[in-house]
Amino acid sequence: MKVQNEVGRFGPFGGRYVPETLIPALDELSEAYEAAKGEEGFWKELGALFKDFVGRPSPLYRARRLEAEVGVGPVFLKREDLNHTGAHKINNTLGQVLLALRMGKKRIIAETGAGQHGVATATACALFGLDCVVYMGDEDVSRQALNVYRMELMGAEVRPVSSGTRTLKDATNEAIRDWVTNVRDTHYIIGSVVGPDPFPRLVRDFQAVIGQEAKEQMLEATGSLPGTVVACVGGGSNAMGIFHAFLHDPHVSLVGVEAAGEGIETQRHSASLSAGKPGVLHGSLSYLLQDEDGQVAPAHSVSAGLDYPGVGPEHSQLRDSGRARYVSVQDDEALEAFHRLARTEGIIPALETAHALAYLSRLNQDGSAPGSILVCLSGRGDKDVAHVAKLEQKSLTL
Amino acid sequence: MTSSPVSIQDCFARNREKNRGVLIPYLTAGYPNREISLELMRLVAESGGDILELGIPFSDPLADGPTIQRSSFEALEGGMTVEGTLDLLRTFRTSHDIPVVLFTYLNPVLQYGLPEFLQASTAAGAQGLLLTDLPTGADPELEGQIISSDLDLIRLVAPTTGRDRINEVAEGGSGFIYFISRTGVTGARQDLRSDLGREVAVIRQEVDLPIAIGFGISTPDQAASVAGVCEGVVVGSALINAFDEGGVSGAGAFLKGLREGMDGAPAAD
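Which chain is which? The protein sequence lines are E and R, in order.
Note that the first sequence covers residues 1 to 398 in our numbering.
Note that the second sequence covers residues 1 to 269 in our numbering.
You may find that some hints are simply not true.
[As the list claims (entries may be wrong)] Chain E stretches covered by chain R per the calculated footprint, using a threshold of three residues with CB under 8 Å from any CB of chain R:
{"id": "1", "stretch": "7-17"}
{"id": "2", "stretch": "20-27"}
{"id": "3", "stretch": "179-190"}
{"id": "4", "stretch": "292-305"}
[As the list claims (entries may be wrong)] A short, non-exhaustive set of chain E residues, derived as facing chain R with CB atoms under 7 Å:
{"id": "5", "residue": "163"}
{"id": "6", "residue": "176"}
{"id": "7", "residue": "223"}
{"id": "8", "residue": "280"}
No lab work stands behind these hints, which were simulated from the structure alone.
No residue lacks a Cβ here, since even glycine has one placed at the ideal position from N, Cα and C.
Turn these sequences into a full structure, and let the hints guide you.
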């Protein structure tokens, strides 16, 4: 019996827990990726797109007024928010579209929560003239109307998903159902370091450019590596992207910040690594929010992009090995950090990213010496402005 | 309990002698509620069903289409659990002896504890286990535990499974091979592919187990044509639809129609 070897596993986590119908497609994708990975031409093509289309390298920016207000520092922001389409998501979608072209697949599907990955996928498809269908929970479709229209402007079809919790988890189920049905001519561009092998390692490798650039930029700016790297974690792609370059630098501490929603004790949160236990969802074994009977528990966060009950399997391994530390911050702390960065630096961060920024205040309180701090500013907050305004209007009138 | 339950192997052997196709209806445990669910299980056994495929509902049934998604959500809302499903099975076993295959996803079983689950479901009277998100080779340790248990591990072959993988996919499988008739999720369909016979012949060259076909079968004519090329016919979503439209008696009439369709067809050699 040919068994799945250690490739595709992160310790016990990861794997390929999917219907048999998809196994040949995952094999095909693994082969295409392995072949591409070894070719200089592939990385050259992707590198050219990163430079000319995305605007990479993204800047590293020292946030001095933020440092003064929070009382920690120095704090450096890796500006993924300045990428084309406004977040790190485009790094992955361009890489995967190039793979789809190599496999001769002309139809692309994707899932999206807040719409950032959907927009990044629609963008990459428009660039190469590929058909694009994006699944989005119908709750999110109404909350993120602007991103729905963006995707449509670029020729994508957005399909609202009305099953289950009507959010990212169910959009992912529906994308997998589409893939099972149309697997022969369709590539599924998953949006984070989740899903069956090879997706977690493939998405990580396309996002690893964040950490590679940041490492060089930190050395140039400070002459040394950062003491602490901080990133928000939903599925965990921006965090894996920035952590990856530092995994073998033992003096660099890595901190992933999950969404504690209304508080871990309220059960209304998305902190899989802090409060979940290992389970299988969407093709891999990883920490998962679930009940005693193994039913997946609904997640909650003010940020639609973190509103997911699972997490990438490599994060589960980093958690258990202790190489990375995972903490969580609540909705109200994230909102406060959202305002703080806007006010002190003239940068409106995505609500997802605001979770990473909120943790800076804790670094100050816990008495440790974080050294210089590198924060992955994973996305910009334009998409969240209306949502935040509405939230605060409500709290004013209550 | 009446007599001890029939094994899946004996069930296929007996029907083979009678030149009769094996009808495998699927039900979601706890849909629409515990009592009617039990009534439907008994109905299956009494209306020509030879093996019952009993679904343990899961919150994220990504291999299932709209009908089974909905029946799963409603069963969960009604409080159905893994233990509740085994309890239904125990009650069913006080009166019926047809083989039962438990169908579910890996996570509920993992949380129950796989060794505990295998023991409890065998004790409750199950004969087989089908885990739709545990393809062959995905987790040799878990697969090994199932293979060495008293339950038959039902392996699935998909239309995308290459010929060179069929043998490998069947590894450790027993009872029967479940051949998925099309790429896609479960659900009733208007049309069936015409080349099923050829694909079944390919599987038969590689694997020495009875073959059942499922996914999309919804009419007596389809059941008859499938029974013409393989030993077993799985019908799920269409049965649930028949119940939704016509209640228990509607489901009974639907099952009898399938049975008559299949009995009119010459069974496969």
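Right, here's what the structure says about each hint:
no., hint, result
1, 7-17, "holds (count 3)"
2, 20-27, "holds (count 6)"
3, 179-190, "holds (count 5)"
4, 292-305, "holds (count 5)"
5, 163, "holds, 6 Å"
6, 176, "holds, 5 Å"
7, 223, "violated, 47 Å"
8, 280, "holds, 5 Å"
Consistency with the previously given hints fails for number 7 only.
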